[in-house]
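Residue numbers (the numbering used here), protein chains in the order written: chain A, 44 to 324; chain B, 44 to 324; chain C, 44 to 324.
These are calculated hints, taken from the structure and not from any lab test. Do not rely on the hints blindly, as some may be mistaken.
Pulled a few chain A residues facing chain C out of the computed Cβ check, cut under 7 Å [to be verified]: (1) Glu108; (2) Thr111; (3) Met113; (4) Gly237; (5) Phe240; (6) Gly299; (7) Leu302.
Not everything, but these chain B residues come out facing chain A in the computed CB check (under 7 Å) [to be verified]: (8) Ser80; (9) Glu108; (10) Gly109; (11) Gly297; (12) Gly298.
Backbone N, C-alpha and C fix where the C-beta goes; we use that ideal spot for every residue, glycine too.
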Amino acid sequence: GYGRFGIYYSENAGADGVAGTADDFVGAFDSSTDVTSRFRLQIDATAESDAGVVVGARVRIQQNEGETGMTNGARFFARSGGFEVGVGNIFGALDSMPGQYPIDLDLGLTGLGYDYTAYQFNGDFYSSGGLGNSGDNGVEVMYSAGDLSVHVSASDTDDRVAGYVAYTWSGWTFAVGAQDSDNAGDTEWTATAGGSFGIADVTLAYADNGTNGDRTVLTGRFDVGAATDMEVYVADQEGGADTGYGVDFNHDLGGGVSLRGGVAKRINGNTVADAGVRFNF
Amino acid sequence: GYGRFGIYYSENAGADGVAGTADDFVGAFDSSTDVTSRFRLQIDATAESDAGVVVGARVRIQQNEGETGMTNGARFFARSGGFEVGVGNIFGALDSMPGQYPIDLDLGLTGLGYDYTAYQFNGDFYSSGGLGNSGDNGVEVMYSAGDLSVHVSASDTDDRVAGYVAYTWSGWTFAVGAQDSDNAGDTEWTATAGGSFGIADVTLAYADNGTNGDRTVLTGRFDVGAATDMEVYVADQEGGADTGYGVDFNHDLGGGVSLRGGVAKRINGNTVADAGVRFNF
Amino acid sequence: GYGRFGIYYSENAGADGVAGTADDFVGAFDSSTDVTSRFRLQIDATAESDAGVVVGARVRIQQNEGETGMTNGARFFARSGGFEVGVGNIFGALDSMPGQYPIDLDLGLTGLGYDYTAYQFNGDFYSSGGLGNSGDNGVEVMYSAGDLSVHVSASDTDDRVAGYVAYTWSGWTFAVGAQDSDNAGDTEWTATAGGSFGIADVTLAYADNGTNGDRTVLTGRFDVGAATDMEVYVADQEGGADTGYGVDFNHDLGGGVSLRGGVAKRINGNTVADAGVRFNF
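Excised from the complex, chain A in its bound form (with noise of 0.2 Å):
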């Protein structure tokens, strides 16, 4: 698992002032820093049959500042070569698709706010502190070769179903996902492509998220040093207040502890910063 701790400012901390909660910028009100904190214990339990297959679960203990922690719906599995079958807590396809988080991690410390992943969360994805589509009949294939991978993921939310193909050329890795479901604000389809320029490691990445609106995300990586990288995103949104946009740092201190930071301008129109520890056990 990992912790991170830092702190978060918030231009409009919302109605009950604390930076980096659910109802930033909704009301009008105070701008607010505060302690920003998450801590996730990944319990991985496997077994492995004579003939190699690996069968398991995987849950987590995560709680963020002010929380204290139970264990989240589990995500059973079993696994052979490149051909793997899940259950409950699914990761979903659309989620687990290449370029839908094209930052390293998450931006800054915490992500804040993740405007740059395209689809918007308008599909199945793991919970890590809730139940996710365990007790909903979620299910999910998933199946690399080579440069090819694929995955086909289904659940009783909305009835959706969704897959995504991607490849890989030559360092490029290009990727389309689509879902078919009861909800008019679920994503329709998504396409990605990503790779390096050398100079810097690029992602486009655009989602038709139905109701939602359409979403469109640039995204660069630099080293700019050693041990230290630097990220910028621009996101457009069909209907957004404002173009979001963001940028990090990342400087590892070694032995899995870094210290990251970042500022974006959220599409709401919010500006929100961090800036903390982020290490791994």
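For this one, chain A is given, so just place chains B and C on it according to the hints.
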């Protein structure tokens, strides 16, 4: 601990339309087949004194499909040789008695209702998901020496006091248990006999469950291959709608992984079935 | 972590009739003796940067008799040499001050009400079962060098700022702590002195707890055998119903296992006693 996942069919899935939940066969509803799963993480924490007394506690995080998890009530114990004292979320004498769980692990993948447990949980037992007798002055004493085992438990739940004595002669185990409580539906007494006829392991169990009626269960297990066995049971319940019966198979894949499945005709008249994978970790 | 279990007697067990619960001595009720227990699992997750800074988090799953468990609020820290910064569910300066817990581990098995802690929790402290100051901008800085230790903590709870300085001269430790807050019942200042007279370790502690009154506590510990010690305390509370006092014994069984028990006359007038086993794991 262990994990298991697969599918569960119920002829009548109840008002929630989900097979394998508490409301199955309550009211007139359609059948359903749904994902079933369980994740159980067992934490046994112990220390041993210089004199060789082992002192410890057990807690579990257990969560079924559609559930998050927290630790259950703890059981504490001190053990020396064949003698053990336990407090808290105690095992309970009747639930620990040989012959009450005559099916290996569970019928099929999930137990399919456990109609084959003669005392039908009308006594104290370890709760994997709740408090059990923690907070209820649950206390138990267990003793075993050679072929003899004795277990006495007590709690403030209906002022229960229960005990069993079991003895094994040349491969056959006979056990008798009795209980005193303030609850007219609690088990009065129960007796079991189990052993092997070579071709099959069989268990016969009877319980006088007070106002909940008598139950008689006959169970058999047969090896049907080097790594496969089958189990069957017939259960007769005083005042029951039907004679209950069931059959399952268990196929060992090695490494603690097994394929399992079963079908049962419940005493209440419902038909249920399951199939899936179980793995130990 | 550790576990402990045994029995707890309360002269007046309160309306719930269970000894050792919050309502003991509230109203006129009968005495009771009940099973008491605690299970504490401590998770310390850390990483160390190349420069030797240790970064980490601590969470606990703690559950008493009659409780299930989840993780508490997390405390995060970065530590380098004798210098440490903590955020979240902070330890708190006053609660960490030498002399506030003058009894080894707890009086008897359970602490028996902790009347011997002079500052009486009128400040910030690490919560083993809840959030503590997580979500409350809890921050603390600790520094130690040789015989000197300093600790300053702050949180948004009543805008508390607290600190202590402690110094050790030839086996005697002197500490002074003070706090500023918006709560008239919070500790204003506190001082302790502790050391050894050869035959006994003694601690004298005083706290001005604002509108909650002054408290003065004198404590002693005596070895009464190779593996056994006894402890006594006398506690005087401004406006208290009685002078509080207590005595306990601790008998080490090796391997992290000990027998413990004690009796206390509470300042509120109630008499309580406990006895049992504690084990570390």
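When the least beta-carbon distance from Glu108/B to chain A is tested against 7 Å, hint result: holds (5 Å)
Tell me if the interface restraint on Gly299/A is satisfied: Cβ within less than 7 Å of some Cβ in chain C. The hint holds - Gly299/A has a Cβ within 7 Å of chain C, the shortest such distance being about 4 Å.
Gly297/B as chain A interface residue, shortest Cβ-Cβ below 7 Å: Where the cut-off is 7 Å and the nearest Cβ of chain A is about 3 Å from Gly297/B, the hint holds.
Is the interface hint satisfied for Gly109/B? The criterion is a beta-carbon contact with chain A at less than 7 Å. This interface hint holds because 2 Å falls under the 7 Å limit.
Should the hint that Met113/A touches chain C count as held when the rule is a Cβ pair under 7 Å? This interface hint holds because 5 Å falls under the 7 Å limit.
With a cut-off of 7 Å on the beta carbons, see whether Thr111/A makes it to chain C. Since chain C brings a Cβ to about 5 Å from Thr111/A, closer than 7 Å, the hint holds.
Quick check on Phe240/A please, does its C-beta sit within 7 Å of some C-beta on chain C? violated (30 Å)
Interface restraint verdict for Gly237/A against chain C (beta-carbon cut-off 7 Å): Where the cut-off is 7 Å and the nearest Cβ of chain C is about 29 Å from Gly237/A, the hint is violated.
Mind checking the CB of Glu108/A against every CB in chain C and telling me if the closest is under 7 Å? Constraint on Glu108/A satisfied, holds at 5 Å.
Identify whether the interface hint at Leu302/A stands, where standing means a beta carbon of chain C within less than 7 Å of its own. Not OK, violated: Leu302/A not within 7 Å of chain C, min 9 Å.
Restraint: Ser80/B near chain A, CB-CB cut 7 Å. Satisfied or not? holds (5 Å)
Hint status (Cβ of Gly298/B to nearest Cβ of chain A, threshold 7 Å): Where the cut-off is 7 Å and the nearest Cβ of chain A is about 5 Å from Gly298/B, the hint holds.
Of the numbered hints given earlier, the model fails hints 4, 5, 7; all others are met.
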